[in-house]
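Those sequence lines, one after another, are chains X and C. If you're matching positions, the first sequence starts at 1 in the numbering used here and goes up one per residue. If you're matching positions, the second sequence starts at 179 in the numbering used here and goes up one per residue.
Watch out, some of these pointers could steer you wrong.
When the alpha-carbon atoms are kept at most 27 angstroms apart in a straight line, the in silico DSS-like pairs for lysine-lysine are as follows [claimed, not checked]:
1. C:K321 / X:K96
2. C:K182 / C:K614
3. C:K525 / C:K464
4. C:K595 / C:K449
5. X:K56 / C:K525
6. C:K503 / C:K449
7. C:K182 / X:K162
8. C:K503 / C:K182
9. C:K182 / C:K446
Rather than coming from a laboratory, the hints here were simulated on the basis of the structure. As the structure is a prediction and not an experimental result, all values here were calculated from the model.
Each chain, letter by letter, is given below.
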Amino acid sequence: MSTAAATTAADVAVKAVYKQLDCLLQAIHDLQAAGFTDFQVMSPFPRHEIEDLMYKGEPSPIRWMTLAGGITGGTMIFTLASLTHANWPMIIPGGKPLISIPPFLVITFEGTILWASMMTLFGLLIHCGLPATNLHPAIEDPRFTNDCFGIVFTSTGGQTAKILHILEHSGAIEVSNG
Amino acid sequence: MSDKLTYSQVNRDVMRPLFNATSLWWGFMAIVGLGLAYGAVCWGIQLVWGLGVAGYHPPVFWGVYITTFVFWVGIGHAGTLISAILFLTRSRWRTGIYRAAEAMTIFAVMTAALFPAIHVGRAWQAYWLFPYPNQRQLWQNFKSPLMWDVFAISTYFTVSTVFFLIGLVPDIAAVRDNTRGWTRRLYAAMALGWRGTDRQWHHYMAAYGFFAALATPLVLSVHSVVSWDFAMANTPGWHSTIFPPYFVAGAIYSGCAMVITLMLPLTKFFKLEAYIHIWHFEHLAKLCMFTGGILTYAYGTEYFVAWYSDNPYEWGVFVDRVVGKYWWVFWIMFMCNCVLPLVWWFKKVRTSFMGLFVVSLIINVGMWFERFNIIASSLAHSFDPAAWVYYTPTYIEIGILIFSFAWFLLWFLLFVKIMPSVAIAEVKETLRPPLKSEGVAAK
Chain X
1 MSTAAATTAA
11 DVAVKAVYKQ
21 LDCLLQAIHD
31 LQAAGFTDFQ
41 VMSPFPRHEI
51 EDLMYKGEPS
61 PIRWMTLAGG
71 ITGGTMIFTL
81 ASLTHANWPM
91 IIPGGKPLIS
101 IPPFLVITFE
111 GTILWASMMT
121 LFGLLIHCGL
131 PATNLHPAIE
141 DPRFTNDCFG
151 IVFTSTGGQT
161 AKILHILEHS
171 GAIEVSNG
Chain C
179 MSDKLTYSQV
189 NRDVMRPLFN
199 ATSLWWGFMA
209 IVGLGLAYGA
219 VCWGIQLVWG
229 LGVAGYHPPV
239 FWGVYITTFV
249 FWVGIGHAGT
259 LISAILFLTR
269 SRWRTGIYRA
279 AEAMTIFAVM
289 TAALFPAIHV
299 GRAWQAYWLF
309 PYPNQRQLWQ
319 NFKSPLMWDV
329 FAISTYFTVS
339 TVFFLIGLVP
349 DIAAVRDNTR
359 GWTRRLYAAM
369 ALGWRGTDRQ
379 WHHYMAAYGF
389 FAALATPLVL
399 SVHSVVSWDF
409 AMANTPGWHS
419 TIFPPYFVAG
429 AIYSGCAMVI
439 TLMLPLTKFF
449 KLEAYIHIWH
459 FEHLAKLCMF
469 TGGILTYAYG
479 TEYFVAWYSD
489 NPYEWGVFVD
499 RVVGKYWWVF
509 WIMFMCNCVL
519 PLVWWFKKVR
529 TSFMGLFVVS
539 LIINVGMWFE
549 RFNIIASSLA
559 HSFDPAAWVY
569 YTPTYIEIGI
579 LIFSFAWFLL
589 WFLLFVKIMP
599 SVAIAEVKET
609 LRPPLKSEGV
619 AAK
């Protein structure tokens, strides 16, 4: 384990790297118990245990964007078909109405799905902060897309010593600051 | 997945085939290049001389192009079925295979999308299919199944592509962190700055679930809409309410067979046996056996309904398919889809490389002929005996059919050298994480 010297500098970045999942989870728990919330947990793949600790069952707001997209898309495409047929009336023999619900349902369904998907994509990009540029160097660690988990404070807000103390006793393979 | 795999080994194994093009890969590319060149010449001849160079014979104006279009749309079903429906049902066997299956879906739909343009002859006016405010205020007919088809396929393509690309982002980030120089810059741009923070994963998993839920009804609806291209017309042999489920079952049947055809050699050449076992293929084979059973039952139902309807035109078409001028098409279809794949009921066959590969090819042949059987034989044997004809494809149509396979394989070959063909993050998710409490040392 390589441990950086503790510092009391007011505002530095701190990074802890883990190989073992239970050590990471314990560290998140200990940090939260000590009142820290302003840190990021890095992992190469999703783990529900991390999500449960960090978000405590709070669902992602993307679902509202999906719903709004679906309603908008369905309404818009049904309106498009209706206005189109009103503007260019094709009277088909057999007494079928100009604006007819059953055949329009097919494209209404397609429009609903398309817009719901596009809004989900938009929501994902907004909420994940993508595309992301100029990230903090502590986050840009190639181990976090390979075989390591991590905890990163991009700013310690003057509590560096306390944070380092917790992280150094958490089973991390590396703790660094600065 | 093997229990002995480690996270870093997953990265190494999946990224190993990337970038380094082997002579085998170049060999495949050369064959693809020949196919593309021959097909491009054929299409060029058709663009210059018009649709007269195809074997169309009034009233048969739907032939090889529409057959091939429906064939490729059908192939495009398995990927999203595996990636979306099996994701929602939490089927563990999807993990190793879904990435390549999804890529196959997109390339299949890209191939199918060429055919409306090829089929209309004047390919440069294919944009007339889309509703746009043109000068003469002429609008599309939204009550036509052909318009539904435009919307169904473009929606399916868009949603499947987004689903595929979103799934790729964390893996592209992993590739980015393993490369240098200009490739690193390229992958960094494609990874959109993904780092795997808790916030990113939280929203990502929610969005991924929504994409899966949205793609699921599309899997079932696309081929239903394609089937209405036929079923909404009153042509004998087409005008049937059984078409949507019958087409969807056929599409999944052919799609899963194509996944087997492509992924068996891929697994072998890229040495991915630790990720894609024979039991993955066995599951696919079982899915084929199930959908193949539905298909055979649907064939039987079609004949029963045609006979029971007491409609001479309907029954005439169905008898003509078996013993008439297109008898050979029917019997290739029947043998390849209903009889020969029955050998998969023997476990020994469906768990052997050759048994899987050969039967999957047979199913692909059978499913192409199924669409030809439906399309050509109905049009060639319609209501008026004076209009009965015998349509056969010309070398131009065969050339464009070859072009479609070359075009599809071109994208797939590029994909396997540029993108990770196994989902890195999802494979890691299925592995048992190292735990200090279990005394698993950090490696």
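A quick look at each hint next to the structure:
no. : hint            : result
1   : C:K321 / X:K96  : 11 angstroms, holds
2   : C:K182 / C:K614 : 17 angstroms, holds
3   : C:K525 / C:K464 : 10 angstroms, holds
4   : C:K595 / C:K449 : 14 angstroms, holds
5   : X:K56 / C:K525  : 46 angstroms, violated
6   : C:K503 / C:K449 : 47 angstroms, violated
7   : C:K182 / X:K162 : 38 angstroms, violated
8   : C:K503 / C:K182 : 59 angstroms, violated
9   : C:K182 / C:K446 : 20 angstroms, holds
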